[in-house]
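K.L.:
Protein sequence lines, in the order shown, are assigned to chains Z and F.
Numbers in the working numbering are just positions in the first sequence, counted from 1, shifted up by 1365.
Numbers in the working numbering are just positions in the second sequence, counted from 1, shifted up by 1365.
The set of hints was computed from the structure by calculation and includes no laboratory data.
Among the clues, some could well be false.
It does not matter which identical chain is meant; a pair holds if it fits inside one copy or across any two.
Think about it this way: if two alpha-carbon atoms lie no more than 20 Å apart in a straight line, the pair counts; the simulated DMTMM-like pairs of lysine to aspartate or glutamate are [stated by the list, open to error]: (1) K1522 x D1634; (2) K1522 x E1635; (3) K1522 x E1637; (4) K1431 x D1669; (5) K1405 x D1433; (6) K1431 x E1635; (7) K1522 x E1647; (8) K1494 x D1428; (9) K1494 x D1663; (10) K1627 x E1647; (11) K1431 x E1450; (12) K1494 x D1610; (13) K1522 x D1576.
2 protein chains.
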Amino acid sequence: MLTVCIVGGSGHYRYVLEGLDERIQLAAYAAGSLGEDMGKLETMLAERALQVPRFGHWQGMLDTVKPDIVAVNSHFGDHARISRECLQRGIHVFSEKPVATTLDELAALRAAHGASGQHFSAMFGIRCKPWFLTAHAAVSAGRIGAVRLMHAQKSYKLGTRPAFYTQRESCGGLIPWVGSHAIDWLQWFSGAHFLSVTARHSRQHNAGHGDLEVSAQCLFDMSHGIAATVSIDYLRPTTAPSHDDDRIRITGTRGVLEVRDKQVCLINDEAEGPQTLAQLPERSIFASFVDQVLGTADCIVSSDDAFNATLASLMAREAADTGNMQRFASERDMPNRAD
Amino acid sequence: MLTVCIVGGSGHYRYVLEGLDERIQLAAYAAGSLGEDMGKLETMLAERALQVPRFGHWQGMLDTVKPDIVAVNSHFGDHARISRECLQRGIHVFSEKPVATTLDELAALRAAHGASGQHFSAMFGIRCKPWFLTAHAAVSAGRIGAVRLMHAQKSYKLGTRPAFYTQRESCGGLIPWVGSHAIDWLQWFSGAHFLSVTARHSRQHNAGHGDLEVSAQCLFDMSHGIAATVSIDYLRPTTAPSHDDDRIRITGTRGVLEVRDKQVCLINDEAEGPQTLAQLPERSIFASFVDQVLGTADCIVSSDDAFNATLASLMAREAADTGNMQRFASERDMPNRAD
């Protein structure tokens, strides 16, 4: 049986708790960031009657427990440093996104992964929702032909966020934190790679959240002449029926597919008018991670996908910060800045 | 009573035919471009039992008829030249969009307008649809607060287009022809002006239409930190229930408004969950043009809006052609390149 430790309680630790099965045991947990609030994680552990020891220091936990896997979800600015040390210790890492909040940290993390031979992936768990799995299967099966345009949307309610969201250093910003999901969808659905990005973001009207941007738009130029835009906001009204309004519309040479309101709508030459697709069952992203560690199946989010979506998010943030277009290296595999 | 002549039969001459009233008489028509097909216009005239003389040359028509207004809708590359001559003759001009297909022609047209004192406007007739009028009234009334993000969509069926669509010189391209509507919405809904644009377009999979692009994405940076994207395509499947799929989603500080499927959906603090708005009646853009000529009301599309939307469309096309961001002058009024 594999053992997993959780470092941090600020992200999607629930993917681990919901993905536990007979192959894997939760061994211990610890905060990953100074002053990190672990209360919500502890509540969820109690609700699930999981009696798991808490360590005062995550490095001490690793020394003692020697886990096979670490799930990292600290304050976002600490992900890369923690993940890198875990990889250097020979531990597989399941990291919250963004897996790094600076380009230099991302390069160092990627280098550490390359040297480690361990599995590394990111918590792009929205891929595992039935509507996204179904949409992806339809596009992969060629039901809209060749992808030409994509527009993705992430719209969230802001509410009152923890203090670490209000600083760029600890949070990373709107595009990497919220937008990276949508940026990951672009590469996942199209199979294309990123060539350049232009973006805009704004902190105006952020309800006292310091550095945090609450609105952004990105334009990605991708291989094969594919163009993609991403709209990201924290302005979803409190009266909206859900926290999030995740969408993607993909225009292909043979049809158009949309994910909206947890439904998948397809228009192509198979039928007159729009079809609503029957959905595949939800998957567990953590169970998929464990599959790859055990060698039984590929993880739904490859290491390259985790790194490339993060790179694209950080390049988009840089484009928005500077007002200038950022160009990616033309190679399929993104450059390792530490090389 | 005012008299109007139509030059060309390649655009939305129907706005004139549908907008005729007791104030205005259709006096004559002529082709505006070499080899222009006037068959559809003539069919519509016959259907409406409008017996109107056709002239062999549009300039000869102007010499003879001396109309108060000319509606220009020739091959798109000829709009600016015809409109400029009309303005120089002291005639008000109701032009198909794009009002020019090159930046130099646009500047010359704008200068001719400035010197003429005549009214000039563009056929941005989608503004007059009930769903767009309703959406605009809601945004103008502050029901979503301050505009922060916009995403507009134009998606059309391609079918088989006339030959003049297949050349950049005569057509102008996808972004100016189809996209200018959506680009006009951005300025109309937000009241903001354009600061820069990045764009991509592609001719791939254009079904033998020569130069014509069939997919495009644009990102506009606008004043007040507003960011806007526009998705444009000719890839709407033949099995789709309508020719066009026009949309806009506008995210504000107090709510989100969407136009989709000819409906207007609003989420804000007025009610729990989404509201579908009761719609205002359709207007006639040509009747609104005549209002301004007669001094009874402002035209729904001002001359500045007509010029600025065209400028933004041509700058977006330039951005897509070159792959480089294009920056607008920072002045509220766009520069006149002929000055």
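K.L.:
Give a verdict on every hint.
P.N.:
Checked hints:
1. In the homo-oligomer, the alpha carbons of K1522 and D1634 lie at most 20 Å apart only across protomers (13 Å), although the nearest pairing inside one protomer, at 37 Å, exceeds that limit.
2. Taking identical chains as interchangeable, the C-alpha atoms of K1522 and E1635 lie at most 20 Å apart only when they sit on different chains, with a minimum of 17 Å there against 37 Å within one chain.
3. In this assembly of identical chains, the alpha carbons of K1522 and E1637 lie at most 20 Å apart only when taken from different copies (14 Å versus 37 Å within one copy).
4. Taking CA atoms no more than 20 Å apart as the test, K1431 paired with D1669 passes in neither setting, with 26 Å inside one copy and 69 Å between copies.
5. Taking the shortest alpha-carbon separations for K1405 and D1433, neither the intra-copy value of 24 Å nor the inter-copy value of 73 Å comes in at or below 20 Å.
6. Taking identical chains as interchangeable, the C-alpha atoms of K1431 and E1635 are never at most 20 Å apart, the minima being 54 Å within one chain and 55 Å between chains.
7. In this assembly of identical chains, K1522 and E1647 lie within 20 Å of each other by CA distance neither inside one copy nor across copies; the values are 24 Å within and 35 Å between.
8. Taking the shortest Cα distances, K1494 and D1428 never come within 20 Å of each other, neither inside one copy (35 Å) nor across copies (68 Å).
9. For the identical chains of this complex, K1494 and D1663 are intra-copy neighbours only, at 18 Å inside a copy versus 51 Å across copies, given an alpha-carbon limit of 20 Å.
10. When the C-alpha separation of K1627 and E1647 is checked against a cutoff of 20 Å, the pair qualifies only within one copy, where the shortest distance is 12 Å, while the shortest distance between copies is 33 Å.
11. Within a single copy, K1431 and E1450 get their C-alpha atoms as close as 13 Å, which meets the 20 Å cut-off; across copies the closest is 82 Å, which misses it.
12. In this homomeric assembly, K1494 and D1610 come within 20 Å of each other (Cα to Cα) only inside a single copy, at 13 Å, whereas the closest approach across copies is 27 Å.
13. Taking CA atoms no more than 20 Å apart as the test, K1522 paired with D1576 passes inside one copy only; the shortest distance there is 17 Å, against 44 Å between copies.
Going through the hint list in order, the structure does not satisfy hints 4, 5, 6, 7 and 8.
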